[in-house]
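Taken in order, these protein sequences are the chains called A and B.
In terms of my numbering, the numbers along the first sequence are unbroken and rise by one, the last being 315.
In terms of my numbering, the numbers along the second sequence are unbroken and rise by one, the last being 101.
For the record, the hints were derived by calculation from the structure and aren't laboratory data.
All figures in this text were calculated on a predicted structure; none of them were measured in a lab.
It is possible that part of the hints are untrue.
What the hints assert, rightly or not - Derived PhoX-like pairs: lysine-lysine, alpha-carbon spacing no greater than 25 Å straight-line:
1. A:Lys211 - A:Lys152
2. A:Lys211 - A:Lys183
3. B:Lys82 - A:Lys183
4. A:Lys152 - B:Lys82
5. A:Lys183 - A:Lys152
Stated by the list, open to error - Some residues of chain B that are not near chain A, with every Cβ distance over 12 Å (derived):
6. Asn36
7. Pro38
8. His76
The beta carbon of each residue, even a glycine, is placed where N, CA and C say it ideally should be.
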Amino acid sequence: MPHSRIPTQPPDSRPPGVSGAAPLPVPAARKMTFAPAASPDPAEADALARAQAGDHHAFAQLYSLHKRRIYSLCLRMVGNIAEAEDLTQEAFLQLHRKISTFRGDSAFSTWLHRLAINVVLMQLRKKSLSLISLDEAMEPVPEEGPGRSFGAPDLALSGTIDRLALERAVADLPAGYRLIFILHDVEGYEHNEIASMLECSIGNSKSQLHKARLRLRDALRANSQKEAQP
Amino acid sequence: MTEDQGKMSCAEFQAQLPELIGSGANAANHPHIQSCELCRALLADLETIAEAARQLFPVVEPPDELWAHIESAIKSEDDHVNAGSRNPGTPTRN
Chain A
86 MPHSRIPTQP PDSRPPGVSG AAPLPVPAAR KMTFAPAASP DPAEADALAR AQAGDHHAFA
146 QLYSLHKRRI YSLCLRMVGN IAEAEDLTQE AFLQLHRKIS TFRGDSAFST WLHRLAINVV
206 LMQLRKKSLS LISLDEAMEP VPEEGPGRSF GAPDLALSGT IDRLALERAV ADLPAGYRLI
266 FILHDVEGYE HNEIASMLEC SIGNSKSQLH KARLRLRDAL RANSQKEAQP
Chain B
8 MTEDQGKMSC AEFQAQLPEL IGSGANAANH PHIQSCELCR ALLADLETIA EAARQLFPVV
68 EPPDELWAHI ESAIKSEDDH VNAGSRNPGT PTRN
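All chains, please: the whole structure from these sequences, using the hints.
Structural data, given as structure tokens:
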């Protein structure tokens with residue numbers, strides 16, 4: 086999904102939504118599973134209505150309003166700046182294609198957020214990253230079994246966590262674990278929503294999240310021990 | 008919470024932990040937690056991690072040139088569709 090590194094052209098005001106794209110399993114089908122529609126920001130509502138009518142400048146305004154959140158979402162999900170830029174671009178291209186289908190059943194920001202997540206998921210699936218490990222999550226893994234913490238000294242993380250250390254640890258997680266951890270603990274999605282997005286069972290989502298947190302705990306403890314060494 | 012739950016082993020408790028935490032129940036009230044320091048510490052660590060996650064990854068600004076790329080890609084797509092509509096015989100995407 087490379088950037089389209091072609092010269093910038095003047096804005097085009099042709100109505101959006103006419104160019105075709107591979108259908109994504111996104112918001113329209115799941116519009117009732119996430120947050121209810123919030124009171125829209127009047128500026129956003131105005132820009133949205135105009136963008137749906139084909140106003141290119143209004144679409145640019147929507148980009149300005151949402152670019153940080155979408156880019157940040159992509160960045161934390163893939164942990165790579167160049168890839169996050171590509172995914173942000175793809176998300177807004179998808180938005181341009183689909184914006185006329187937004188009916189306001191959820192908040193626009195929620196709809197766009199979900200659309201962006203699906204763009205990221207499609208990319209991860211293309212790369213065959215370990216979403217497939219979701220299928221393995223319910224299988225016992227020896228080094229991650231329930232008893233792995235037995236006898237370990239100094240269990241408590243003393244209630245405080247080095248944010249940078251945790252971010253590094255999250256970045257080092259296998260993609261499947263990272264995805265669920267980001268979706269649940271960072272983005273705030275519920276297990277039933279994650280299960281729907283990732284097409285796995287709710288139990289699988291819970292199990293995968295638990296394993297992700299266990300891995301993070303181990304990483305943080307290892308980091309603490311390393312720092313404690315003279 | 009039953010007496011049996013209090014007597015369960017750490018392995019049994021930790022096997023239930025994903026579901027217990029994921030269901031939104033207060034795992035700290037589980038009888039096993041009341042009597043097991045190891046599992047209490049484990050639960051505290053996991054809760055600390057989950058809490059810290061909400062503070063992770065501050066919102067960041069994408070590079071300024073990204074919009075130019077998006078704009079160009081939109082223009083390119085629109086040109087492609089327009090070219091298709093001018094030539095009815097040319098297949099277009101829907």
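Hints, verified against the model:
no., hint, verdict
1, A:Lys211 - A:Lys152, "holds (24 Å)"
2, A:Lys211 - A:Lys183, "holds (21 Å)"
3, B:Lys82 - A:Lys183, "holds (15 Å)"
4, A:Lys152 - B:Lys82, "holds (19 Å)"
5, A:Lys183 - A:Lys152, "holds (17 Å)"
6, Asn36, "holds (18 Å)"
7, Pro38, "holds (17 Å)"
8, His76, "violated (5 Å)"
This entry does not satisfy hint 8, going by the numbered hints stated previously; all others are met.
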